[in-house]
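Enquirer: In order, the protein sequence lines correspond to chains F and G. Quick note: the first sequence uses the numbering used here, first residue 70, plus one each step. Quick note: the second sequence uses the numbering used here, first residue 70, plus one each step.
It is possible that some hints are incorrect.
If several chains are the same, the list does not tell them apart, and a pair holds so long as it fits within one copy or across any two.
[As the list claims (entries may be wrong)] The calculated lysine-lysine pairs, modelled on DSSO-like cross-linking and capped at a C-alpha distance of 30 Å, are:
#1 K372 with K120
#2 K73 with K391
#3 K343 with K372
#4 K391 with K99
#5 K338 with K294
#6 K372 with K328
#7 K254 with K343
#8 K278 with K91
#9 K294 with K254
#10 K120 with K371
#11 K372 with K294
#12 K148 with K371
#13 K299 with K278
#14 K391 with K278
None of these hints come from the bench; they were simulated from the model. None of the values given here were measured: they were computed from a predicted structure.
Here are the chains, one letter per residue:
Number of protein chains: 2
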Amino acid sequence: MEFKLEQYLDGIYRGDKRMIGKAITLVESKKPAHRELADELLRNIMPRTGKSVRIGITGIPGAGKSTFMESYGKILVQKGHRVAVLAIDPSSSLNKGSILGDKTRMEELAKMDKVFIRPSPTSGFLGGVANATFETMLICEAAGYDYILIETVGVGQSEVLVADITDAFVFLKITGGGDELQGIKRGIMEMVDLIFINKVDEQNRTLAKNTKIELIRALHFLSPKEAGWKVPVLLGSALQNEGLVEVYEKLSEFMELKKSSGRFDSVRKEQAQKRFEYWVHAFILQQISENNQAEALYNLHKKNASELTSNPSTEAQLFVSKLFKK
Amino acid sequence: MEFKLEQYLDGIYRGDKRMIGKAITLVESKKPAHRELADELLRNIMPRTGKSVRIGITGIPGAGKSTFMESYGKILVQKGHRVAVLAIDPSSSLNKGSILGDKTRMEELAKMDKVFIRPSPTSGFLGGVANATFETMLICEAAGYDYILIETVGVGQSEVLVADITDAFVFLKITGGGDELQGIKRGIMEMVDLIFINKVDEQNRTLAKNTKIELIRALHFLSPKEAGWKVPVLLGSALQNEGLVEVYEKLSEFMELKKSSGRFDSVRKEQAQKRFEYWVHAFILQQISENNQAEALYNLHKKNASELTSNPSTEAQLFVSKLFKK
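Construct all of the structure, not just a fragment, from the sequences and the given hints.
Expert: Written out as structure tokens, the structure reads:
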């Protein structure tokens, strides 16, 4: 990975997929020397970023996320877009996709000239997924991709992190029979902008329609995330290419709404501020953990607080005043 | 407020309401000199705290929170408990209770020997509500109150903060007609342990029963907060003393469940850890804001990030490395 800044920039701007990949590997690196070059790279490409539509996609393993991204991605290409897919690395231990024999993920899409697919690792430094993913997205935008699809693993806080870097959030659901909504992860319904019930066929269409009714009812219980937007619940089959054009149209409509209300820009700014605050906090904790004395102090005060023998804010105050006295 | 530590401690342990009040004023104070004495006080009382049942109560203005606390509080006293009520100060600007002519709040309860009522201000240092409220609760526990009721204003993050210091969270709802659940604040349904539909009478009983059905359906869509606990939806009237004994029984049952599963203790420890982390973060930000140079630096990097001209994590990294170089 011994390239110069100019080589990375040139490769990205030319849309050279190999160099885009190398640049992503650079921003994913945790080595201090790489971080410096990565920061310089990001500073340089920044003016060329921000112009894409950023879409987060979630759903349990088996909901058909990669098939959905393949079919939806092909439609985007047909409509004249350039598409980057930040997928979950199937070799990653946390991901269950691989055990479903899903090895040839997005095979057709991957061959397309206007498409770039990057499998992301699912774990990293300080919940670094979101960071590397965000920076990967910037590189793809600088390379001219105007649609970025980001798959999330659905583990821990990953949806929140992905929702915080995207403009629209899509939830894939499959219909099973019985109590459909019981298993939906806490908080998902509140962050979603569009729901796609996938794998609908003649056998389960009635069931799927009932699931749709249940979902609409559940959505109705929530105050709207985006004023003037009723979260659509669409039925279809990504494998059979059914319902995907509707997804494209609805999401385009959603983007129009957000842009005309000014929410598109204001949300992106809020996201950036939030991310700044998050990383200030994370880097301060990193500084603490890299200093043996500070780390011991932190652990001591945290232990005092969690053993309920002392007041947490007193312990926090003691720790912080010692930290800044040094 | 010129008392010595021993005088505060003696007053608290004797259950002298005037001195309990003075001690609370001390822990609410922002002055550094008071903070030092307050911390000493808290360290001393800590072994006598933690034995109460801590209950958070929320609901929109007009849902009858103070009437509920009065009626429920009286039942608790009948059952042999000592009750502390941390209520919202009706004179506080954020509170809408006062405009409802609600000046004589909890009049009967306030006169009872075994009851202590403390109106809390709704605003404060660094979202300090939660902190002062938590410390106020510790003082009440040290004074022998074994039930603490904490009212929340329902503004901003206040429910989350109160849920993070309590063992059970009660949501008061009134029935209106029409679309009952549309106006429920985002996130409330996910943190609630018991719902009480208040102000039910002969005129609106059918309506209230429908609201109950809707609420049960909405709860059903959420994964359970506490394994083995089905959030009860109870009907009644706090003013007419109807349904309050059932509230008492259900909440006692809930406490039993949490204690036998070990969740009672583990959740309190998690809460303390979380509070420690929260306050470390808050105090670090305070340190930054108290240093002109650091504050200017923070604002500069935050501005860079939010204007989307630079990568937020790069800006955060730059800020933190400068902060710790000084």
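Enquirer: Each of the hints needs a verdict: does it hold here or not?
Expert: Results of checking the hints against the structure:
no., hint, in the structure
1, K372 with K120, "between (47 Å within a copy, 20 Å between copies)"
2, K73 with K391, "between (42 Å within a copy, 26 Å between copies)"
3, K343 with K372, "both (29 Å within a copy, 12 Å between copies)"
4, K391 with K99, "both (29 Å within a copy, 19 Å between copies)"
5, K338 with K294, "within (17 Å within a copy, 33 Å between copies)"
6, K372 with K328, "between (48 Å within a copy, 22 Å between copies)"
7, K254 with K343, "both (23 Å within a copy, 22 Å between copies)"
8, K278 with K91, "neither (45 Å within a copy, 62 Å between copies)"
9, K294 with K254, "both (17 Å within a copy, 12 Å between copies)"
10, K120 with K371, "between (43 Å within a copy, 21 Å between copies)"
11, K372 with K294, "between (39 Å within a copy, 26 Å between copies)"
12, K148 with K371, "neither (55 Å within a copy, 37 Å between copies)"
13, K299 with K278, "both (18 Å within a copy, 28 Å between copies)"
14, K391 with K278, "neither (60 Å within a copy, 57 Å between copies)"
Of the hints listed earlier, those the structure fails to meet are numbers 8, 12 and 14, in rising order.
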